[in-house]
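Trainee: Each chain, written out:
Number of protein chains: 4
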Amino acid sequence: MIAITKILPRYAETDKMGIIHHSVYAIWYEQARTDFFNQIGLRYDEIENNGIMTPLVELNCKYKKPAYYNQEVEIKTKIIELTPVKFTLEYNIYDTNNNLINIGKTTLAWSDSKTFKIINLKKTNPDIYEKLKQLVEKE
Amino acid sequence: MIAITKILPRYAETDKMGIIHHSVYAIWYEQARTDFFNQIGLRYDEIENNGIMTPLVELNCKYKKPAYYNQEVEIKTKIIELTPVKFTLEYNIYDTNNNLINIGKTTLAWSDSKTFKIINLKKTNPDIYEKLKQLVEKE
Amino acid sequence: MIAITKILPRYAETDKMGIIHHSVYAIWYEQARTDFFNQIGLRYDEIENNGIMTPLVELNCKYKKPAYYNQEVEIKTKIIELTPVKFTLEYNIYDTNNNLINIGKTTLAWSDSKTFKIINLKKTNPDIYEKLKQLVEKE
Amino acid sequence: MIAITKILPRYAETDKMGIIHHSVYAIWYEQARTDFFNQIGLRYDEIENNGIMTPLVELNCKYKKPAYYNQEVEIKTKIIELTPVKFTLEYNIYDTNNNLINIGKTTLAWSDSKTFKIINLKKTNPDIYEKLKQLVEKE
Numbered sequence: 003m004i005a006i007t008k009i010l011p012r013y014a015e016t017d018k019m020g021i022i023h024h025s026v027y028a029i030w031y032e033q034a035r036t037d038f039f040n041q042i043g044l045r046y047d048e049i050e051n052n053g054i055m056t057p058l059v060e061l062n063c064k065y066k067k068p069a070y071y072n073q074e075v076e077i078k079t080k081i082i083e084l085t086p087v088k089f090t091l092e093y094n095i096y097d098t099n100n101n102l103i104n105i106g107k108t109t110l111a112w113s114d115s116k117t118f119k120i121i122n123l124k125k126t127n128p129d130i131y132e133k134l135k136q137l138v139e140k141e
Numbered sequence: 003m004i005a006i007t008k009i010l011p012r013y014a015e016t017d018k019m020g021i022i023h024h025s026v027y028a029i030w031y032e033q034a035r036t037d038f039f040n041q042i043g044l045r046y047d048e049i050e051n052n053g054i055m056t057p058l059v060e061l062n063c064k065y066k067k068p069a070y071y072n073q074e075v076e077i078k079t080k081i082i083e084l085t086p087v088k089f090t091l092e093y094n095i096y097d098t099n100n101n102l103i104n105i106g107k108t109t110l111a112w113s114d115s116k117t118f119k120i121i122n123l124k125k126t127n128p129d130i131y132e133k134l135k136q137l138v139e140k141e
Numbered sequence: 003m004i005a006i007t008k009i010l011p012r013y014a015e016t017d018k019m020g021i022i023h024h025s026v027y028a029i030w031y032e033q034a035r036t037d038f039f040n041q042i043g044l045r046y047d048e049i050e051n052n053g054i055m056t057p058l059v060e061l062n063c064k065y066k067k068p069a070y071y072n073q074e075v076e077i078k079t080k081i082i083e084l085t086p087v088k089f090t091l092e093y094n095i096y097d098t099n100n101n102l103i104n105i106g107k108t109t110l111a112w113s114d115s116k117t118f119k120i121i122n123l124k125k126t127n128p129d130i131y132e133k134l135k136q137l138v139e140k141e
Numbered sequence: 003m004i005a006i007t008k009i010l011p012r013y014a015e016t017d018k019m020g021i022i023h024h025s026v027y028a029i030w031y032e033q034a035r036t037d038f039f040n041q042i043g044l045r046y047d048e049i050e051n052n053g054i055m056t057p058l059v060e061l062n063c064k065y066k067k068p069a070y071y072n073q074e075v076e077i078k079t080k081i082i083e084l085t086p087v088k089f090t091l092e093y094n095i096y097d098t099n100n101n102l103i104n105i106g107k108t109t110l111a112w113s114d115s116k117t118f119k120i121i122n123l124k125k126t127n128p129d130i131y132e133k134l135k136q137l138v139e140k141e
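Chains as they are written, first to last, in my numbering: chain A, 3 to 141; chain B, 3 to 141; chain C, 3 to 141; chain D, 3 to 141.
These aren't lab readings, by the way, just hints derived from the structure by calculation.
No false leads were mixed into what you were given.
Below, simulated DSS-like cross-link-like pairs (lysine-lysine); rule was C-alpha separation at most 27 Å, straight line:
#  : chain 1 : residue 1 : chain 2 : residue 2
1  : D       : LYS64     : A       : LYS80
2  : C       : LYS119    : B       : LYS66
3  : B       : LYS116    : C       : LYS64
4  : D       : LYS66     : A       : LYS119
5  : A       : LYS64     : D       : LYS107
6  : C       : LYS125    : C       : LYS107
7  : A       : LYS88     : A       : LYS116
8  : A       : LYS64     : D       : LYS80
9  : B       : LYS67     : C       : LYS119
10 : A       : LYS135    : D       : LYS66
11 : B       : LYS107    : B       : LYS125
Here the structure is a predicted model, which is why all the values come from computation and not from measurement.
Could you build all of it, start to finish, from the sequences and the hints given here?
Mentor: In structure tokens form, the structure reads like this:
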């Protein structure tokens, strides 16, 4: 399962080099992550309403080519790792010529939204855990 | 002519009140402005490539209700004023229940992208000026 | 009482025009607002911890000259209006040559941080209300 | 040589978890990078004016603890690698209790600001190259 997200880069996201600023990609990954969850029927806002948060533990970005204002990009998102306490998504971003311009990885921890403590998703929410586990195994 | 823009609010756009941060609306207006220009066949990136810039002169926002992460908003954009040196767009933002949650106005100056000086669009680009003039008059 | 805030514009705050993006000023006003409260001994994070929030009701910005990356700006902030339910701050931003480059106004509502409902600050927190009232009267 | 940058986290930088959003750290690294260059007498805006740009090639962030609104953080920045075509800076971020809360690394390419092509800094600007080389060797 690869979720597809299309984004039209915003003017505010450009910088004085005339390209999309590098800090924006983490925000695009997050939008892709929302789409990924929406597409598998696990709305992230509902996950949060159920007392689960997923703060970032690690972020990696490789910038291969720039993105530009008003030139659509496509993000392909998949889950590449899952443990009871965290999960890793990978994002491949393509420009309109289908060039791979950026590769991202984010590792997020399953956490309690009140205490901020790590939770064991396999125990607290086995349904979500199994749903995601199947997606990892398909890769 | 009213351009329609749909935006799914991003997690990064929230603040610790749990709502979309007020500074984000100016960025949404700008995305709506890009869509407005795209829809009337005047891509803003091409306008810029032709040596014209439109820096903001004034911004007004009225916040009536909050917007929330992952709950789509719809922006209706129209041009309400045009002179040879500047123009004003109005943005009405609605939530999924069709409540008007935010009203924005932006006034932008027609400027030379090299010198940053105000230009008289009616003289430099009468085609663009007339196209927009007709839209204002229809309102 | 005029609070002074100095800000070194960030690279990420620039746009492809080579200037600071207009949406950034609302964020600078907010930093100036934090400084304003810090300087009068009312830390805004503590106000929030006491169950009060101040969502924006209205924002006005006038852009007179651009700001640039790595060229310090100075914001002078004062309170110009206070009622039991809302207050208005004004921000004047100067560049290193002491040119007034931007004027902002923000109106914020005193609200309950749980219910988001407007509160009457004069009744709920007369100490804060009186402190601010004196500052308005001095203007 | 370790450059020190102090940052007061902004309200706009928070998210609905109540903490500083993870995408903000790349912006803080960049501000720390500006300070790093300012402190060694190589203002980054002047480097750019001389036709050199440094687009990001790679970004890594490890998030150990959250940062909070209005609670100052301190960033210690040093250069850990330099070749004729790129360089890597490392950022260690501490909270007010001197806890290490975040570790970042950024690799940037020396590039021509007109063509966006990689340049060999050792040849084009040996003075800058040598200045930085000495800093790497001291580590």
